[in-house]
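*Asks:* Protein sequence lines correspond, in order, to chains B and W. Our numbering puts the first residue of the first sequence at 1, with every later residue one more than the last. Our numbering puts the first residue of the second sequence at 1001, with every later residue one more than the last.
Hints were generated in silico from the structure; no laboratory data involved. Mixed in with the good hints, there may be bad ones.
[Stated by the list, open to error] On the chain B side, residues computed to face chain W include the following (Cβ under 10 Å): (1) L45; (2) V55; (3) P101; (4) E102; (5) F105; (6) R110.
[As the list claims (entries may be wrong)] Label-pair restraints from in silico Cβ distances: (7) W:T1109 with B:R64: 20 to 26 Å; (8) W:Q1057 with B:G72: 33 to 39 Å; (9) B:K62 with W:Q1002: 19 to 25 Å; (10) B:K15 with W:V1013: 38 to 44 Å; (11) W:K1016 with B:K78: 43 to 49 Å; (12) W:S1116 with B:G72: 18 to 24 Å; (13) B:S27 with W:V1046: 18 to 24 Å; (14) W:F1047 with B:S58: 22 to 28 Å; (15) B:I12 with W:T1109: 24 to 30 Å; (16) W:A1007 with B:P61: 26 to 32 Å; (17) W:A1007 with B:G53: 33 to 39 Å; (18) W:D1018 with B:E68: 45 to 51 Å; (19) B:K62 with W:A1007: 29 to 35 Å.
Bear in mind the structure is a predicted one, so any value in this text is a computation, not a measurement. We put the CB at the ideal spot given by N, CA and C, even for glycine.
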Amino acid sequence: EAGVAQSPRYKIIEKRQSVAFWCNPISGHATLYWYQQILGQGPKLLIQFQNNGVVDDSQLPKDRFSAERLKGVDSTLKIQPAKLEDSAVYLCASSLAEPSPEQFFGPGTRLTVL
Amino acid sequence: AQKVTQAQTEISVVEKEDVTLDCVYETRDTTYYLFWYKQPPSGELVFLIRRNSFDEQNEISGRYSWNFQKSTSSFNFTITASQVVDSAVYFCALSEARGTGFQKLVFGTGTRLLVSP
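Okay, chain B solo, but in the shape it has when bound (with noise of 0.2 Å):
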């Protein structure tokens, strides 16, 4: 069974620019998370889909994040402009609505905001 997809792996980019990261879920799981993992620290919660739908987004700074799921499958991250304190991996998990709790992750996007 493949597991979380995520692309790119690596980016660097300049602070005022916008950048997008993809992430592919395992198939069948309907919750899709994204978290911001800044360095030394555990991941933090960005946003939370249940299906094409927006479960939890407290988290989000929505002045410059923003997240889509159109299909239920696979979902794109934003952010734009991007800052210095942006640079962190961001990670993307997924889980079966239910029974089961447990989250897998992708191997994460690393930014480097310069």
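Use these hints to put chain W onto chain B, whose structure you have.
*Replies:* Same frame as chain B, now just chain W:
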């Protein structure tokens, strides 16, 4: 509010030593799940174990064992006879079991384990 505390920032051991990683959590819910994830240098989070709040049985899987104590809100992880390949950052996490089945993971800050030969 949910919170997970991993007080040990970094632990260094020599191969074959036993090591315990501590995890203390806070939640107001009576139904919740606890997890341990491993993050090797490659960066991908690897699921190790899940425990629900109603199951306080300790679990052993090979060299790994977990001790869940609701009375002290702790979910500690022990590696027996550590190996160099165990070197990684280990995260403890907590999630609520919502009625709709949706879950949100709250992670601790992680413990970096260094196992030297």
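*Asks:* All hints are to be evaluated individually against the structure, with a verdict given for each.
*Replies:* Going down the list of hints, with the structure as the test:
1. L45: 6 Å, holds
2. V55: Status holds, d = 5 Å.
3. P101: Status holds, d = 5 Å.
4. E102: Interface hint status for E102 (chain B): holds (6 Å vs cutoff 10 Å).
5. F105: Given a least distance of 4 Å, the restraint on F105 (chain B) holds.
6. R110: 7 Å, holds
7. W:T1109 with B:R64: 20 to 26 Å: 25 Å, holds
8. W:Q1057 with B:G72: 33 to 39 Å: Since Q1057 (chain W) and G72 (chain B) have Cβ atoms about 37 Å apart, the given range 33 to 39 Å holds.
9. B:K62 with W:Q1002: 19 to 25 Å: Holds, at about 22 Å.
10. B:K15 with W:V1013: 38 to 44 Å: Because 41 Å falls inside the window, the suggested range holds.
11. W:K1016 with B:K78: 43 to 49 Å: Holds: the Cβ-Cβ distance is about 48 Å, inside 43 to 49 Å.
12. W:S1116 with B:G72: 18 to 24 Å: The hint (18 to 24 Å, Cβ to Cβ) is violated, given that S1116 (chain W) and G72 (chain B) are roughly 47 Å apart.
13. B:S27 with W:V1046: 18 to 24 Å: 20 Å Cβ-Cβ, so the 18 to 24 Å window holds.
14. W:F1047 with B:S58: 22 to 28 Å: Hint holds: Cβ distance 24 Å, inside 22 to 28 Å.
15. B:I12 with W:T1109: 24 to 30 Å: 26 Å, holds
16. W:A1007 with B:P61: 26 to 32 Å: 29 Å, holds
17. W:A1007 with B:G53: 33 to 39 Å: 38 Å, holds
18. W:D1018 with B:E68: 45 to 51 Å: Holds, since D1018 (chain W) and E68 (chain B) (Cβ atoms, about 47 Å apart) stay within the stated range.
19. B:K62 with W:A1007: 29 to 35 Å: 33 Å, holds
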